[in-house]
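Residue-level listing of the chains:
Protein chains: 2
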Amino acid sequence: MVQFREKMGRFFGLISFEEALQRISSNSWTKPGTMTVPCSDSPGLIACSTVYSKSNVPRYNRSLVDGFAVNSRNCAGATETNPVKLKIIGIVQAGETTSHYSNAGECIEIYTGGRIPPGCDSVLMAEEVERETGFIISSRAPEPWDNVEKAGDDLHAGTEIVRSSGIIRPWQAAAMISSGVPEVEVFRKLRLGVISTGNELFRESEDYVENTNQIMLTRYFRRSFVSTEEIGILHDDQQEISGKIRESIQNYDALIITGGTSLGGRDEVPDAISRIGKVIFGGVMMRPGRTITLYKVNDKPVFSVSGNPAPALISVEEFWERYIETAFGVTGLRRKIMARLSCSVTNTPGYTTILRVKVGNLEDGMIAEPIISHGTGKLSTMIEADGTMVIPGNVEGYDKGQIIEIKFFGDPN
Amino acid sequence: MVQFREKMGRFFGLISFEEALQRISSNSWTKPGTMTVPCSDSPGLIACSTVYSKSNVPRYNRSLVDGFAVNSRNCAGATETNPVKLKIIGIVQAGETTSHYSNAGECIEIYTGGRIPPGCDSVLMAEEVERETGFIISSRAPEPWDNVEKAGDDLHAGTEIVRSSGIIRPWQAAAMISSGVPEVEVFRKLRLGVISTGNELFRESEDYVENTNQIMLTRYFRRSFVSTEEIGILHDDQQEISGKIRESIQNYDALIITGGTSLGGRDEVPDAISRIGKVIFGGVMMRPGRTITLYKVNDKPVFSVSGNPAPALISVEEFWERYIETAFGVTGLRRKIMARLSCSVTNTPGYTTILRVKVGNLEDGMIAEPIISHGTGKLSTMIEADGTMVIPGNVEGYDKGQIIEIKFFGDPN
Numbered sequence: 001m002v003q004f005r006e007k008m009g010r011f012f013g014l015i016s017f018e019e020a021l022q023r024i025s026s027n028s029w030t031k032p033g034t035m036t037v038p039c040s041d042s043p044g045l046i047a048c049s050t051v052y053s054k055s056n057v058p059r060y061n062r063s064l065v066d067g068f069a070v071n072s073r074n075c076a077g078a079t080e081t082n083p084v085k086l087k088i089i090g091i092v093q094a095g096e097t098t099s100h101y102s103n104a105g106e107c108i109e110i111y112t113g114g115r116i117p118p119g120c121d122s123v124l125m126a127e128e129v130e131r132e133t134g135f136i137i138s139s140r141a142p143e144p145w146d147n148v149e150k151a152g153d154d155l156h157a158g159t160e161i162v163r164s165s166g167i168i169r170p171w172q173a174a175a176m177i178s179s180g181v182p183e184v185e186v187f188r189k190l191r192l193g194v195i196s197t198g199n200e201l202f203r204e205s206e207d208y209v210e211n212t213n214q215i216m217l218t219r220y221f222r223r224s225f226v227s228t229e230e231i232g233i234l235h236d237d238q239q240e241i242s243g244k245i246r247e248s249i250q251n252y253d254a255l256i257i258t259g260g261t262s263l264g265g266r267d268e269v270p271d272a273i274s275r276i277g278k279v280i281f282g283g284v285m286m287r288p289g290r291t292i293t294l295y296k297v298n299d300k301p302v303f304s305v306s307g308n309p310a311p312a313l314i315s316v317e318e319f320w321e322r323y324i325e326t327a328f329g330v331t332g333l334r335r336k337i338m339a340r341l342s343c344s345v346t347n348t349p350g351y352t353t354i355l356r357v358k359v360g361n362l363e364d365g366m367i368a369e370p371i372i373s374h375g376t377g378k379l380s381t382m383i384e385a386d387g388t389m390v391i392p393g394n395v396e397g398y399d400k401g402q403i404i405e406i407k408f409f410g411d412p413n
Numbered sequence: 001m002v003q004f005r006e007k008m009g010r011f012f013g014l015i016s017f018e019e020a021l022q023r024i025s026s027n028s029w030t031k032p033g034t035m036t037v038p039c040s041d042s043p044g045l046i047a048c049s050t051v052y053s054k055s056n057v058p059r060y061n062r063s064l065v066d067g068f069a070v071n072s073r074n075c076a077g078a079t080e081t082n083p084v085k086l087k088i089i090g091i092v093q094a095g096e097t098t099s100h101y102s103n104a105g106e107c108i109e110i111y112t113g114g115r116i117p118p119g120c121d122s123v124l125m126a127e128e129v130e131r132e133t134g135f136i137i138s139s140r141a142p143e144p145w146d147n148v149e150k151a152g153d154d155l156h157a158g159t160e161i162v163r164s165s166g167i168i169r170p171w172q173a174a175a176m177i178s179s180g181v182p183e184v185e186v187f188r189k190l191r192l193g194v195i196s197t198g199n200e201l202f203r204e205s206e207d208y209v210e211n212t213n214q215i216m217l218t219r220y221f222r223r224s225f226v227s228t229e230e231i232g233i234l235h236d237d238q239q240e241i242s243g244k245i246r247e248s249i250q251n252y253d254a255l256i257i258t259g260g261t262s263l264g265g266r267d268e269v270p271d272a273i274s275r276i277g278k279v280i281f282g283g284v285m286m287r288p289g290r291t292i293t294l295y296k297v298n299d300k301p302v303f304s305v306s307g308n309p310a311p312a313l314i315s316v317e318e319f320w321e322r323y324i325e326t327a328f329g330v331t332g333l334r335r336k337i338m339a340r341l342s343c344s345v346t347n348t349p350g351y352t353t354i355l356r357v358k359v360g361n362l363e364d365g366m367i368a369e370p371i372i373s374h375g376t377g378k379l380s381t382m383i384e385a386d387g388t389m390v391i392p393g394n395v396e397g398y399d400k401g402q403i404i405e406i407k408f409f410g411d412p413n
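Protein chains in written order, with this note's numbering: chain A, 1 to 413; chain B, 1 to 413.
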């Protein structure tokens with residue numbers, strides 16, 4: 001029979017949540033390789049360095065409206081009672097250039113995006129002028145640069161478009177392309193593999209349990225810059241587990257392995273991985289998921305988490321994000337908001353508690369309703385939740401009405 | 001020369017933003033087909049109907065901890081000074097069943113997730129008992145169901161797991177699988193095609209302009225349940241445009257066509273599409289993007305938007321979401337929050353203004369900083385922005401400090 005105290009020894013050395021995060025930050029991890037892609041393929045990927053615009057956007061002065069390009073001096077003093085009449089001497093469409101030079105008494109018809117013709121400095125809107133065949137009549141004197149977007153008004157050459165380690169957004173890709181940057185260096189997608197262990201996950205098992213944690217983790221951690229894959233179910237067998245990890249760590253940047261982390265019983269995972277890697281931490285003073293263990297194998301992270309889907313996901317997410325931050329420099333993976341607590345919450349001293357919360361909009365701000373339930377493993381509590389809040393170990397609890405930070409769950413990708 | 005007043009006639013009938021939304025809701029649109037998928041493939045897709053759990057989760061009473069299953073009556077009255085000694089008569093792992101029946105003076109060793117053996121009603125945690133070979137000594141009397149998760153505690157048979165038209169989250173997929181629902185009916189991915197028009201987008205053009213709007217819209221509207229595709233650049237040619245739309249509408253559920261929407265000039269798009277479809281609205285009293293026009297071709301939406309990327313995206317997004325809501329029933333596509341305005345904002349009477357905002361977390365809530373800039377077309381204003389706020393046409397503006405609703409931009413998919 002297994003000796004509990006001995007098995008538990010591993011967890012007598014539980015470290016604080018903050019210390020666990022710190023150990024991830026202070027370790028070095030193999031970074032995924034980089035690649036150069038056309039900017040049009042870059043949205044959702046992570047930039048390896050800061051990108052600046054190479055040229056002005058727009059490249060030339062252009063019209064913001066449909067109307068008539070004029071020289072403001074030629075309309076000086078125009079009013080309702082003393083309008084000015086200008087001859088239309090040409091037309092400019094978007095993407096066209098005109099060599100017409102607008103002199104006194106003249107104007108040039110122009111469309112949105114059209115290049116401001118030589119001799120002109122402003123545009124009268126089509127709606128604000130009267131038309132006569134071949135002429136316009138304006139009762140307004142425009143200011144120089146009225147309705148004109150000057151070269152570089154949007155992006156001056158040298159403006160920062162994407163920050164190093166930023167997740168590229170579609171408009172940043174557009175801005176790079178517009179400003180003469182056709183390609184960008186990005187990290188290739190991070191490859192995360194998820195392995196499950198447990199004899200009960202095999203259909204021939206007496207009390208067969210569906211392997212939902214692998215599905216949940218694989219689908220949840222999939223992002224525009226993270227590809228995830230299910231890489232199988234293993235028996236509670238050290239040989240099988242260490243063999244699979246040794247093989248998988250060649251093809252993946254990171255692994256999550258679920259199950260076999262309890263305080264006693266058939267805990268083959270720790271023994272199997274300890275053989276081939278280094279323990280970064282073994283157990284964290286946190287709820288849920290205190291048995292979470294991080295190994296470093298070939299300078300890559302292997303997270304060993306609970307076999308219970310909800311605690312597995314909740315407990316690994318903050319550490320996973322810290323690893324991404326350390327390896328890629330990416331911060332703010334999830335959207336953070338501030339919200340008022342709908343009720344008070346308490347904490348076990350020394351333990352960091354991660355609570356699931358439901359978020360609502362009120363007239364005067366946001367409200368967060370902690371989902372408290374007997375047992376932390378329930379899927380039902382995830383179904384109602386929008387995100388999580390963290391109560392640090394040195395905080396006894398929060399009062400109803402206190403404003404706390406909430407992180408939204410990531411959306412399916 | 002083009003007659004401005006005539007061309008503008010189309011936009012004299014500008015309707016309100018609310019009316020435009022209403023016209024989308026009150027029209028019927030071809031729904032994408034449905035398909036049945038294994039629940040493991042369902043995250044990110046849209047459920048066609050409400051799904052309820054078929055069986056209890058967990059299926060049986062199970063232990064929440066590692067420890068010893070007992071009958072609470074057998075420990076009644078146990079204290080520090082008067083502990084109770086129980087004989088260990090067996091062991092139960094997760095996924096195992098025991099036929100051992102625990103009688104008075106007996107207990108059964110049990111691991112997290114293990115099925116509570118017959119005769120037992122509670123579990124003493126390993127940490128809270130003393131061990132002697134073959135025995136445990138408890139100085140605590142457990143309550144019935146201590147550390148036990150009862151059958152159905154997580155999900156009772158018949159509990160709602162996914163609501164009809166809900167985007168399935170990974171934990172909902174897990175819950176369906178756990179509760180005996182292996183497959184689910186979902187909408188197949190919506191196919192959105194993006195077409196650009198404009199002679200200036202062709203490399204041989206005099207004042208060549210990079211076609212960034214197609215890239216931006218295609219990348220931005222891609223979601224777990226929407227596939228998007230660039231389907232080409234067209235000349236400002238009615239024949240070419242109507243031919244391409246006629247062809248594309250066979251293969252896509254919806255189209256966005258950019259360019260050719262200005263008040264005058266070479267507006268081939270409206271004339272081309274009017275030939276083959278019905279105008280739902282032509283121009284909206286909104287900024288940016290008032291030229292936005294919606295056609296219905298083969299009962300599918302064709303949005304004609306500005307050729308300027310930022311106004312194109314900002315103006316079409318609310319209407320696109322309303323269409324998705326009408327066709328699929330999906331609501332709340334973007335995360336909404338409430339935030340305090342960092343400065344006052346004003347509105348043009350009658351016009352609905354959509355402002356880009358930067359969002360920040362403060363100690364006591366969230367703050368939104370409107371990004372005000374000369375000209376609404378700038379990509380640079382998108383780069384800084386986290387989302388948008390809407391000032392309805394009947395609101396003159398908002399004061400600094402007022403709490404308003406913000407919608408975050410969607411993340412790259």
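Derived from the structure by calculation, the hints contain no laboratory data.
Bear in mind the structure is a predicted one, so any value in this text is a computation, not a measurement.
Hints are supplied without guarantee of correctness; some may be wrong.
Pairs involving identical chains hold if they fit within one copy or between any two copies, as the list cannot separate such chains.
[As the list claims (entries may be wrong)] Here are the simulated DSS-like pairs of lysine-lysine, each with C-alpha atoms no more than 25 Å apart in a straight line:
#1 Lys336 x Lys400
#2 Lys54 x Lys400
#3 Lys336 x Lys358
Each hint, compared with the structure:
no. : hint            : in the structure
1   : Lys336 x Lys400 : both (20 Å within a copy, 23 Å between copies)
2   : Lys54 x Lys400  : neither (52 Å within a copy, 37 Å between copies)
3   : Lys336 x Lys358 : both (14 Å within a copy, 13 Å between copies)
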